[in-house]
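2 protein chains.
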Amino acid sequence: MNAPTPAHHLTIAPRATPPELVAALQQRFGAQCSLAQAVRDQHGRDESVFVSVPPPAAVVFAESTQDVADAIALASQYETPVIAFGVGSSLEGHLLAVQGGISIDVSRMNNVLSVNPEDLTVTVQPGVTRKQLNEEIKSTGLFFPIDPGADASIGGMCATRASGTNAVRYGTMRENVLALEVVTAQGQTIRTGTRAKKSSAGYDLTRLMVGSEGTLGIITEVTLRIYPLPEAISAAICSFPSIADAVHTVIETIQLGVPIARVELIDANTVRMVNQYAKLGLREQPMLLMEFHGSPAGVKEQAETVQELASSHGGQSFEWATTPEERTRLWTARHNAYFAAIQSKPGCRAISTDTCVPISRLADCLLDSISEADATGIPYFLVGHVGDGNFHFGYLIDPDNAQEFETAETLNHKLVQRALSLGGTCTGEHGVGLHKMGFLRDEAGEGAIDMMRTIKRALDPKNILNPGKIFAL
Amino acid sequence: MNAPTPAHHLTIAPRATPPELVAALQQRFGAQCSLAQAVRDQHGRDESVFVSVPPPAAVVFAESTQDVADAIALASQYETPVIAFGVGSSLEGHLLAVQGGISIDVSRMNNVLSVNPEDLTVTVQPGVTRKQLNEEIKSTGLFFPIDPGADASIGGMCATRASGTNAVRYGTMRENVLALEVVTAQGQTIRTGTRAKKSSAGYDLTRLMVGSEGTLGIITEVTLRIYPLPEAISAAICSFPSIADAVHTVIETIQLGVPIARVELIDANTVRMVNQYAKLGLREQPMLLMEFHGSPAGVKEQAETVQELASSHGGQSFEWATTPEERTRLWTARHNAYFAAIQSKPGCRAISTDTCVPISRLADCLLDSISEADATGIPYFLVGHVGDGNFHFGYLIDPDNAQEFETAETLNHKLVQRALSLGGTCTGEHGVGLHKMGFLRDEAGEGAIDMMRTIKRALDPKNILNPGKIFAL
Numbered sequence: 002m003n004a005p006t007p008a009h010h011l012t013i014a015p016r017a018t019p020p021e022l023v024a025a026l027q028q029r030f031g032a033q034c035s036l037a038q039a040v041r042d043q044h045g046r047d048e049s050v051f052v053s054v055p056p057p058a059a060v061v062f063a064e065s066t067q068d069v070a071d072a073i074a075l076a077s078q079y080e081t082p083v084i085a086f087g088v089g090s091s092l093e094g095h096l097l098a099v100q101g102g103i104s105i106d107v108s109r110m111n112n113v114l115s116v117n118p119e120d121l122t123v124t125v126q127p128g129v130t131r132k133q134l135n136e137e138i139k140s141t142g143l144f145f146p147i148d149p150g151a152d153a154s155i156g157g158m159c160a161t162r163a164s165g166t167n168a169v170r171y172g173t174m175r176e177n178v179l180a181l182e183v184v185t186a187q188g189q190t191i192r193t194g195t196r197a198k199k200s201s202a203g204y205d206l207t208r209l210m211v212g213s214e215g216t217l218g219i220i221t222e223v224t225l226r227i228y229p230l231p232e233a234i235s236a237a238i239c240s241f242p243s244i245a246d247a248v249h250t251v252i253e254t255i256q257l258g259v260p261i262a263r264v265e266l267i268d269a270n271t272v273r274m275v276n277q278y279a280k281l282g283l284r285e286q287p288m289l290l291m292e293f294h295g296s297p298a299g300v301k302e303q304a305e306t307v308q309e310l311a312s313s314h315g316g317q318s319f320e321w322a323t324t325p326e327e328r329t330r331l332w333t334a335r336h337n338a339y340f341a342a343i344q345s346k347p348g349c350r351a352i353s354t355d356t357c358v359p360i361s362r363l364a365d366c367l368l369d370s371i372s373e374a375d376a377t378g379i380p381y382f383l384v385g386h387v388g389d390g391n392f393h394f395g396y397l398i399d400p401d402n403a404q405e406f407e408t409a410e411t412l413n414h415k416l417v418q419r420a421l422s423l424g425g426t427c428t429g430e431h432g433v434g435l436h437k438m439g440f441l442r443d444e445a446g447e448g449a450i451d452m453m454r455t456i457k458r459a460l461d462p463k464n465i466l467n468p469g470k471i472f473a474l
Numbered sequence: 002m003n004a005p006t007p008a009h010h011l012t013i014a015p016r017a018t019p020p021e022l023v024a025a026l027q028q029r030f031g032a033q034c035s036l037a038q039a040v041r042d043q044h045g046r047d048e049s050v051f052v053s054v055p056p057p058a059a060v061v062f063a064e065s066t067q068d069v070a071d072a073i074a075l076a077s078q079y080e081t082p083v084i085a086f087g088v089g090s091s092l093e094g095h096l097l098a099v100q101g102g103i104s105i106d107v108s109r110m111n112n113v114l115s116v117n118p119e120d121l122t123v124t125v126q127p128g129v130t131r132k133q134l135n136e137e138i139k140s141t142g143l144f145f146p147i148d149p150g151a152d153a154s155i156g157g158m159c160a161t162r163a164s165g166t167n168a169v170r171y172g173t174m175r176e177n178v179l180a181l182e183v184v185t186a187q188g189q190t191i192r193t194g195t196r197a198k199k200s201s202a203g204y205d206l207t208r209l210m211v212g213s214e215g216t217l218g219i220i221t222e223v224t225l226r227i228y229p230l231p232e233a234i235s236a237a238i239c240s241f242p243s244i245a246d247a248v249h250t251v252i253e254t255i256q257l258g259v260p261i262a263r264v265e266l267i268d269a270n271t272v273r274m275v276n277q278y279a280k281l282g283l284r285e286q287p288m289l290l291m292e293f294h295g296s297p298a299g300v301k302e303q304a305e306t307v308q309e310l311a312s313s314h315g316g317q318s319f320e321w322a323t324t325p326e327e328r329t330r331l332w333t334a335r336h337n338a339y340f341a342a343i344q345s346k347p348g349c350r351a352i353s354t355d356t357c358v359p360i361s362r363l364a365d366c367l368l369d370s371i372s373e374a375d376a377t378g379i380p381y382f383l384v385g386h387v388g389d390g391n392f393h394f395g396y397l398i399d400p401d402n403a404q405e406f407e408t409a410e411t412l413n414h415k416l417v418q419r420a421l422s423l424g425g426t427c428t429g430e431h432g433v434g435l436h437k438m439g440f441l442r443d444e445a446g447e448g449a450i451d452m453m454r455t456i457k458r459a460l461d462p463k464n465i466l467n468p469g470k471i472f473a474l
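Residue numbers (my numbering), protein chains in the order written: chain A, 2 to 474; chain B, 2 to 474.
These are calculated hints, taken from the structure and not from any lab test. Errors might be hidden in some of the hints.
Beta-carbon label-pair distances, calculated as ranges [said to hold, decoys possible]: (1) A/Glu305 to B/Leu114: 55 to 65 Å; (2) A/Thr455 to B/Glu373: 57 to 67 Å; (3) A/Ser140 to B/Lys415: 33 to 43 Å; (4) B/Arg458 to A/Pro400: 38 to 48 Å.
Here are the simulated DMTMM-like pairs of lysine to aspartate or glutamate, each with C-alpha atoms no more than 25 Å apart in a straight line [said to hold, decoys possible]: (5) B/Lys415 to B/Asp246; (6) A/Lys301 to B/Asp451; (7) B/Lys463 to A/Asp443; (8) A/Lys463 to A/Glu447; (9) A/Lys463 to B/Asp451; (10) A/Lys139 to B/Glu253; (11) B/Lys346 to B/Asp365; (12) B/Lys415 to B/Asp399; (13) B/Lys301 to A/Glu309; (14) B/Lys301 to A/Asp451; (15) A/Lys463 to B/Glu447.
Remember, it's a predicted structure, so these values are computed and weren't measured experimentally. Cβ coordinates follow ideal geometry from the N, Cα and C atoms, glycine included.
Construct the complete structure from the given sequences, taking the supplied hints into account.
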């Protein structure tokens, strides 16, 4: 087992960006190409805890697929890295220019290109954010369910194979991307997939691109599945005597095949932080937040089944909500968890874990990791998309305190090894980026990494597409 | 647009299989390696209409992953093709040794390795068939829903990205394979994926392998999602005045988000053939066969909704079934369609199409293709997994009549071009194999094919894994 690369041990080896490339970009893109320090700085970081590395040498604000293709073609000519940028909400250092190069910002490519309500599909540019998309299709009675928390760009969500609270019912980006337009490392534009719901037509390039974190191509168009807004939605919160009780309720819910739309765990720690932050007066016990989608009768049936399961595990203080306003209130605790935690320790940052295990191992994995964290005394919050076996510890550290950093990293490391030994994965939804390169090696093994490496070398022989991420070349 | 390669124009360029390789296989595998003509012949064909090509030079009956790895390593040493064989139910020439080489039969690797009912996963060897799997897990109250018709091997179903009647509710092999063990072209064994339900851990090698038709690796272990047997199942058949009425009922069902488990179309032609074959006395009109899975109340609700939609489109003669025996009777028409059709024209073979279109275009695509087929006078049957927009014409041809062959190929060609122009795919579930290589070029474009080719060359530089399939190298 290899230790992950701690952020402060990160190898930063920027290749020099040739001034000729910058000049060529300025000539081709004019005002769409910025060299301003503030703009470059903004594009050289994300939401991760990584120490800052020098920012990209230039930022190209692409407005079309042709812009992306031209920028990549120029970068290829000068063998210089290119990093796609959506809204900067990555948690794993995906956007850092660790080998230098330029940033291609696709946020201006933010048009919903076509909505096909009768086929339940939509085609968008990569800079469209998920909230924008849902706003724009609201009148059709349809919605795009994937919700990773942040108002991420659809392109970024593809690149990291994002998921979130609704995935237990609607799947992840893996299941919900039908087709892509992608610019390759050679600056060539290709299309993968069609609007057909299924296909056996050759290699699944769509799913090869989804989750490739900008290392195999830059996504310039995305066709997604969308869903009818449920006729009825019902939400509930419920407190449990222990994490184990809450988790066993979830396990039984999933095993019974209840099509629950959301089921989130918040530990007692986090409830306490949220109570303090937002004066919610919630019972300071582990809590499940649930949501049911379907017909009125179907939702009622699902809710009754889960309520029965919860009761048999000591669940109490059930609170139900059916109107949007009541639902929003119930979900306040979940939505505020991160901010409440950060506020609980002034000046701190959160190091977030992202393991995902087979659901039968969830209780074991959680309880052991909680004991481990409690033993160190480091403060943390714990939330989870427990219906999928995915959860996040957020260890709250003082970024200037190397000791705390090491403690958090050690806990994360132990948690990942535990998850892997239980048949799980080091990242349920954040991606590998920089932080999890060591973990990925442990998880996939050298043989599978070699296969990834071979594909990367073949498709991007100059190693210009977001180099230094996922695995070392 | 390029014409597809008709079977009788197939380029057959067997590389000579070195006698040294055959000797080495015999030494390593003893009685597990067969050179018998009958065995070789059986492994040199599948269910496709392709003219026969010389069979593989030897058949290795692998009994373990190590056997597969050793056979591939030897084949690699002698730069000789290897073709994996499950049960031989491919419809697209996947198994034909068009460049010579050896067959690796995995049918003896037929153990269910582990069942994890509490995680809804199962891990099997590739030679396990889908019916065997469902038999072996019956006592757990769980089932594996993917049903391509034939009792195919799970390995083969992975390789072709199979689906079938239940895909509208449960997805295809793309959605239901969690992890694989694969032997690479170098004879190395790797693992892709984990038992976690979702992951963002690097390139999606699992889905790259699923649908790669044995050209990137040979699958030696498969972890699948399984599902709780529905509490209630209800089936129905319903006749419609026209194909358009039946299809519009389906379109509206899907658009409303009704989680229908199966919805199959049979045209009047086929009903007539089935009536003659099995004396069913069905109304000789287009017909939908449907199945609903869920709680008793949920199933009732779904059925009522669909019945209402059907009635508004002239649906009549609704017949319902809830017991397994009654359901089997109702599904007789669907299950007998192929045999009834073949019997309707003695000595004929069926050339099957496999297009899949966005559901809103289904009626247009079907009706135009029916007119076209009717105009030629060629007999055909028509069945479809219409909830997914996927359907199959089976043109009934005399295999010795070149004219009929050409007519069927021309109809197929026109249908594929129509489907592509409507945003669809040339193959919903059969795969590309030999028959659809031209169609894939039309569908994916040279850029995407180039990417597939680059991946193939990188992972299999000696081109030994099922060469000559999917695309020309």
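Tested hints:
Judged by the Cβ atoms, the range 55 to 65 Å given for A/Glu305 and B/Leu114 is violated: they are separated by roughly 37 Å. The beta-carbon spacing between A/Thr455 and B/Glu373, approximately 45 Å, falls outside the hinted interval of 57 to 67 Å. At roughly 38 Å, the beta carbons of A/Ser140 and B/Lys415 sit within the given window of 33 to 43 Å. For B/Arg458 paired with A/Pro400, a C-beta distance near 46 Å keeps the hint of 38 to 48 Å intact.
Of the pairs offered as hints, the one joining B/Lys415 and B/Asp246 holds, with about 24 Å between alpha carbons and a cut-off of 25 Å not exceeded. Pair hint A/Lys301 plus B/Asp451 does not hold up; C-alpha atoms about 52 Å apart against a cutoff of 25 Å. With a C-alpha separation of about 29 Å, the suggested pair B/Lys463 and A/Asp443 falls outside the 25 Å cut-off, and the hint is violated. Only pairs whose Cα atoms come within 25 Å are accepted, and A/Lys463 paired with A/Glu447 is accepted, the gap being roughly 22 Å.
Distance check on the hinted pair: A/Lys463 and B/Asp451 sit about 17 Å apart at the alpha-carbon level, within 25 Å; holds. Note on A/Lys139 and B/Glu253: the hinted pairing holds, with a Cα-Cα distance of about 19 Å set against a maximum of 25 Å. Between B/Lys346 and B/Asp365 the CA atoms are separated by roughly 28 Å; this puts the pair beyond 25 Å, and the hint is violated. Taking the CA atoms of B/Lys415 and B/Asp399, the gap is near 20 Å; set against the 25 Å cutoff, the hint holds.
Between the alpha carbons of B/Lys301 and A/Glu309 the distance comes to roughly 23 Å, so the proposed pair stays at or under 25 Å and holds. Between B/Lys301 and A/Asp451 the CA atoms are separated by roughly 52 Å; this puts the pair beyond 25 Å, and the hint is violated. Our distance criterion of 25 Å between C-alpha atoms is met by A/Lys463 and B/Glu447, whose separation comes to about 22 Å.
Of the numbered hints listed earlier, those contradicted by the structure are 1, 2, 6, 7, 11, 14.
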